[in-house]
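Colleague: Listed below are the residues making up each chain.
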Amino acid sequence: NAGVTQTPKFQVLKTGQSMTLQCAQDMNHEYMSWYRQDPGMGLRLIHYSVGAGITDQGEVPNGYNVSRSTTEDFPLRLLSAAPSQTSVYFCASQESWGETQYFGPGTRLLVL
Amino acid sequence: SQKIEQNSEALNIQEGKTATLTCNYTNYSPAYLQWYRQDPGRGPVFLLLIRENEKEKRKERLKVTFDTTLKQSLFHITASQPADSATYLCALPPNNNAGNMLTFGGGTRLMVKP
Numbered sequence: 001n002a003g004v005t006q007t008p009k010f011q012v013l014k015t016g017q018s019m020t021l022q023c024a025q026d027m028n029h030e031y032m033s034w035y036r037q038d039p040g041m042g043l044r045l046i047h048y049s050v051g052a053g054i055t056d057q058g059e060v061p062n063g064y065n066v067s068r069s070t071t072e073d074f075p076l077r078l079l080s081a082a083p084s085q086t087s088v089y090f091c092a093s094q095e096s097w098g099e100t101q102y103f104g105p106g107t108r109l110l111v112l
Numbered sequence: 001s002q003k004i005e006q007n008s009e010a011l012n013i014q015e016g017k018t019a020t021l022t023c024n025y026t027n028y029s030p031a032y033l034q035w036y037r038q039d040p041g042r043g044p045v046f047l048l049l050i051r052e053n054e055k056e057k058r059k060e061r062l063k064v065t066f067d068t069t070l071k072q073s074l075f076h077i078t079a080s081q082p083a084d085s086a087t088y089l090c091a092l093p094p095n096n097n098a099g100n101m102l103t104f105g106g107g108t109r110l111m112v113k114p
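Chains as they are written, first to last, in our numbering: chain X, 1 to 112; chain U, 1 to 114.
Bound conformation, chain X alone (with noise of 0.2 Å):
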């Protein structure tokens, strides 16, 4: 299994720019999340689906959209890019609730 996995690695945008971030897991599991993370801030959950067709808000949605038409992908689309989203974001999955949550490797957000 590659478990959770993140694409790009590393972005650079520019202000008002969008962007798709990609997430999958091939674990079969049903939530998925995703988090930013800055210094001094800790994680953040930003969206997160419970299972296919159903999404729904965390501490810092603001910014942000998510869909999650299969179990395998929770896409986070950044709508118009702005410096404050620069950050490392973090996609997880886990099997049901209380869980353990898996991890992808991250990527790095540069917005200029």
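Heads up, some of the hints might be wrong.
Here are the simulated SDA-like cross-link-like pairs (lysine to any residue), alpha carbons at most 20 Å apart as the crow flies [stated by the list, open to error]: (1) U:K3 / X:P105; (2) X:K9 / U:R42; (3) U:K3 / X:Q57; (4) U:K71 / X:G98; (5) X:K9 / X:P83; (6) U:K3 / X:R44; (7) U:K55 / U:T22; (8) X:K9 / U:D39; (9) U:K59 / X:P39; (10) U:K63 / U:I13; (11) U:K63 / X:E99; (12) X:K9 / U:V45; (13) U:K57 / X:G98; (14) X:K9 / U:G41; (15) U:K57 / X:E99; (16) U:K57 / X:E59; (17) U:K59 / U:T78; (18) U:K17 / U:K71; (19) U:K59 / X:G98; (20) X:K9 / X:P105; (21) U:K63 / U:Y32; (22) U:K113 / X:K9; (23) U:K3 / X:K9; (24) U:K3 / X:D38; (25) U:K3 / X:P83; (26) U:K55 / X:E99; (27) U:K57 / X:G51; (28) U:K63 / X:T100; (29) U:K55 / X:G42; (30) U:K3 / X:G40; (31) U:K3 / X:E59; (32) X:K9 / U:N7; (33) U:K59 / U:G41; (34) U:K59 / X:E99; (35) U:K17 / U:D84.
Residues from chain X that keep clear of chain U, each with C-beta distances beyond 12 Å, as calculated [unchecked claim]: (36) N1; (37) P8; (38) D26; (39) T70; (40) E72.
What the hints contain is simulated information worked out from the structure, not anything from laboratory work.
The C-beta atom is built at its ideal place from N, Cα and C for all residues, glycine as well.
Assemble the complex: chain X is given as a structure, and chain U must be docked to it using the hints.
Modeller: Okay, now just chain U, sitting in the frame of chain X:
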């Protein structure tokens, strides 16, 4: 609202000693607590989960305690090695213990010197 606190200052210890990291929480009655390890440039990796009815849990050189009265978890690494150097994160479910929303502490960086 719930709050999780981990010592933001790095913990420096000598190889072979026991490292003890603290996770305190407020406004919480979590059903469980998890500990993760994160190396630079990588995603967190799960280490241990302890449930509210468990006082202590062990895995090899790792030991976690969970005191629901003090609202505190302690994470111990015995016979520490330089390879244990990393940031350690604690995580809890939301206050209603529902959903997928793990909340993470800011993490404590551990440095083990040879």
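Colleague: Hints broken by the structure, by number, lowest first?
Modeller: Violated: hints 1, 9, 16, 18, 22, 23, 25, 27, 29, 32 and 33.
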